[in-house]
Amino acid sequence: MNGLLLVAQREVRTRIRTKSFLISLAISAILVAGLAFAPKVFGGDDTFDVGVVGAAPAAVSQVHFTKYPDEAAVRKAVTGGDVDAALIGDRRVLADGELDQRLGLILDSAHREAQIKAAGLTITPLQVESIGADARYQGVRTGIATLLVFVLFFLLIYSAMYVAMGVVEEKGSRIVEILLTSVRPWQLLGGKILGLGSLGLINLVAIIAAGLSASFASGFAADLPPGMGGIVVSTVVWFLLGYAFFSALAAAFGSLVSRQEELNSVLTPMNTLMMLTYVVAYLAAGEPTGTLARVLSLIPPFSSMVMPVRTAASDVPLVEIGLAAALMVVAVVAVLLFGARVYERAVLRTGARVKLGDVVR
Amino acid sequence: MLEIDDVRKRYGDTVALDGVSFAVRPGETFGFVGANGAGNTTTMRIVMGVLRADSGEVRNAGRALTYEDRRTFGYMPEERGLYQKMKVADQVEYFGRLRGLAPAAARRAAADLLERLGLVERRDDAVDALSLGNQQRVQLAVALVHDPAVLVLDEPFSGLDPLAVDALAEVLKDRAAAGVPVIFSSHQLDLVERLCDSVGIISSGRMVACGPVGEVKDREGRRVLRVVVRDAAPGWADGLPGEVTRDGECDVLLSEGGDDQAILQSAVRAGRVEHFGWQQPTLAEIFREAVA
Numbered sequence: 001m002n003g004l005l006l007v008a009q010r011e012v013r014t015r016i017r018t019k020s021f022l023i024s025l026a027i028s029a030i031l032v033a034g035l036a037f038a039p040k041v042f043g044g045d046d047t048f049d050v051g052v053v054g055a056a057p058a059a060v061s062q063v064h065f066t067k068y069p070d071e072a073a074v075r076k077a078v079t080g081g082d083v084d085a086a087l088i089g090d091r092r093v094l095a096d097g098e099l100d101q102r103l104g105l106i107l108d109s110a111h112r113e114a115q116i117k118a119a120g121l122t123i124t125p126l127q128v129e130s131i132g133a134d135a136r137y138q139g140v141r142t143g144i145a146t147l148l149v150f151v152l153f154f155l156l157i158y159s160a161m162y163v164a165m166g167v168v169e170e171k172g173s174r175i176v177e178i179l180l181t182s183v184r185p186w187q188l189l190g191g192k193i194l195g196l197g198s199l200g201l202i203n204l205v206a207i208i209a210a211g212l213s214a215s216f217a218s219g220f221a222a223d224l225p226p227g228m229g230g231i232v233v234s235t236v237v238w239f240l241l242g243y244a245f246f247s248a249l250a251a252a253f254g255s256l257v258s259r260q261e262e263l264n265s266v267l268t269p270m271n272t273l274m275m276l277t278y279v280v281a282y283l284a285a286g287e288p289t290g291t292l293a294r295v296l297s298l299i300p301p302f303s304s305m306v307m308p309v310r311t312a313a314s315d316v317p318l319v320e321i322g323l324a325a326a327l328m329v330v331a332v333v334a335v336l337l338f339g340a341r342v343y344e345r346a347v348l349r350t351g352a353r354v355k356l357g358d359v360v361r
Numbered sequence: 362m363l364e365i366d367d368v369r370k371r372y373g374d375t376v377a378l379d380g381v382s383f384a385v386r387p388g389e390t391f392g393f394v395g396a397n398g399a400g401n402t403t404t405m406r407i408v409m410g411v412l413r414a415d416s417g418e419v420r421n422a423g424r425a426l427t428y429e430d431r432r433t434f435g436y437m438p439e440e441r442g443l444y445q446k447m448k449v450a451d452q453v454e455y456f457g458r459l460r461g462l463a464p465a466a467a468r469r470a471a472a473d474l475l476e477r478l479g480l481v482e483r484r485d486d487a488v489d490a491l492s493l494g495n496q497q498r499v500q501l502a503v504a505l506v507h508d509p510a511v512l513v514l515d516e517p518f519s520g521l522d523p524l525a526v527d528a529l530a531e532v533l534k535d536r537a538a539a540g541v542p543v544i545f546s547s548h549q550l551d552l553v554e555r556l557c558d559s560v561g562i563i564s565s566g567r568m569v570a571c572g573p574v575g576e577v578k579d580r581e582g583r584r585v586l587r588v589v590v591r592d593a594a595p596g597w598a599d600g601l602p603g604e605v606t607r608d609g610e611c612d613v614l615l616s617e618g619g620d621d622q623a624i625l626q627s628a629v630r631a632g633r634v635e636h637f638g639w640q641q642p643t644l645a646e647i648f649r650e651a652v653a
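Heads up: the sequence lines are chains E and F, in that order. Take 1 as the starting number for the first sequence in our numbering and just add one per residue. Take 362 as the starting number for the second sequence in our numbering and just add one per residue.
Incorrect hints may have been included.
[Stated by the list, open to error] To spell it out: a stretch of chain F is covered by chain E in this simulated footprint if at least three of its residues, at any positions, have a beta carbon under 8 Å from a beta carbon of chain E; those stretches are:
#1 420 to 432
#2 451 to 458
#3 563 to 569
Simulated from the structure, these hints should not be mistaken for lab results. Everything numeric in this text was worked out from a predicted model, so none of it was measured. Backbone N, C-alpha and C fix where the C-beta goes; we use that ideal spot for every residue, glycine too.
Required output: the full structure, derived from the provided sequences and hints.
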């Protein structure tokens, strides 16, 4: 165990100080944080600023009232574009040109309601009832799911690639001969996977933290669906499962070659599988309740990306999540055993590329 | 005592080791000599457990080696391996930790070794910033950091400058004096002759000569009687075994047998004897003959 932790510690220490890690961490966090501001910047804001002279009306949602001392000042604010409209003495509305239709309706109904209240009447507003799924957050949930696809794919392929490169580095430089007279193969492989996985996790947590705090800063958080905590937890857990699966494959294939140049060709099957997972997860983000999404979210390794995406985009029955997780855990254990076996047998056979068939027999 | 007992290894149809046996006592330095591909690297890899023998056994103190035994060995593989981007001191310390040293002990051992090997000023440099000779010193430090019970070094001297050779030789002598069996392979036979108590010559996977250096020389080499006579009359050596060559004013007689006393008397009669003695062949000569 000690050897495994030492190896993991070295991986973290060496990689965390490299420029490439810090830069990719910063870029991904900034990109995701930027997305939380995007609705505000591109979509324009959906609240109105209204200047008020005289008595201020009761608070109304989507309208922000600002007090002005007199009509002259508020006129200047309207024509200068500081406010969208002005309300004078709770009776007259000034607008620069035509009054925004929606703002007009809001102000009008607020005005009417205030008068009705003053007259001592109570009215019952219309009851709206949704007979489909809760669709209020559908747009946002799809957005988050789509973002998750990119983040998970990027982190999985990046982390698995580092595992493969690390394996080849040690094999190619023959340092593995000294390492394997000091620690067991499973300690060396496990430590590498654990260490680089921790870095991937740090990266993921940084992205989530940046995204969420930027959402609060931009006010976008108010639009986030309830149950964000669950989405975050499911993302982290599925990332770890997916990472364990793909990194074990990466290590197994990586241990077949002795030079970094050969890595790309030997990793082609794994990369293809990851691309495929990415594509189906992307499709699932758009149609989370479709048959494709529902079936593939149960099948490893597709589930590692499709399930968190589906969980973010829609409500998934707990039974399905449990089944998908159980299947994925079984697959991860199988791939880890397979990876360790291939690694152990291939990593000391330097020189020409080792055939997979020669080592799995 | 480290014993290699009838170790065999094949790669497909190629026989790499055909029953290699030898032993190295505690405190003994064993020089392992062979042409490229003769089998010394394969043997050392088998000793270290990096490669599995088809048959045969490697024992230490009478017991077959286990993984735990080998963790206490110091190993320098033929193809050097270090983390290129890792700092020298960190690297040596890391391998010390991997071999079971506590953090403080690993740090201390690394510092001591870097001091001994003249690398103190480079301790915070990345390995790839070092010259090849210095990288090799780091490699040696990695092999020695945990105070190994047995040393197995594949070509430790190749590529070193004379100063580094001396530093390494000192360290090896030191370890041997502490009772550690030391095996190293080398193509520099003068070095093997100078440093080793015993020598093994391997050719095509078989040990062709093995034993204490002096014994191997006596057994394997043909001794040659060399006589140098100044101002000798021509034809003085007619009838004596061997061949005479002329070197300036002197005649040089090289003889592989015969009555050395009779030859000496003839030489004294012929002129002024400047040199008379049995010559031991060098290890290089024995090696060439054994491998030919």
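So is the segment 451 to 458 of chain F in contact with chain E by the C-beta rule, three or more residues under 8 Å, or is the coverage claim wrong? Answer holds; 3 residues pass the 8 Å Cβ test.
Taking a Cβ-to-Cβ distance below 8 Å as contact, does the segment 563 to 569 of chain F have at least three residues touching chain E? Three-residue rule not met by the segment 563 to 569 of chain F, so violated; n is 0.
Claimed coverage, the segment 420 to 432 of chain F by chain E - three or more beta carbons nearer than 8 Å: It holds, with 3 qualifying residues against the three required.
Against the hints set out earlier in the document, a violation occurs for number 3 only.
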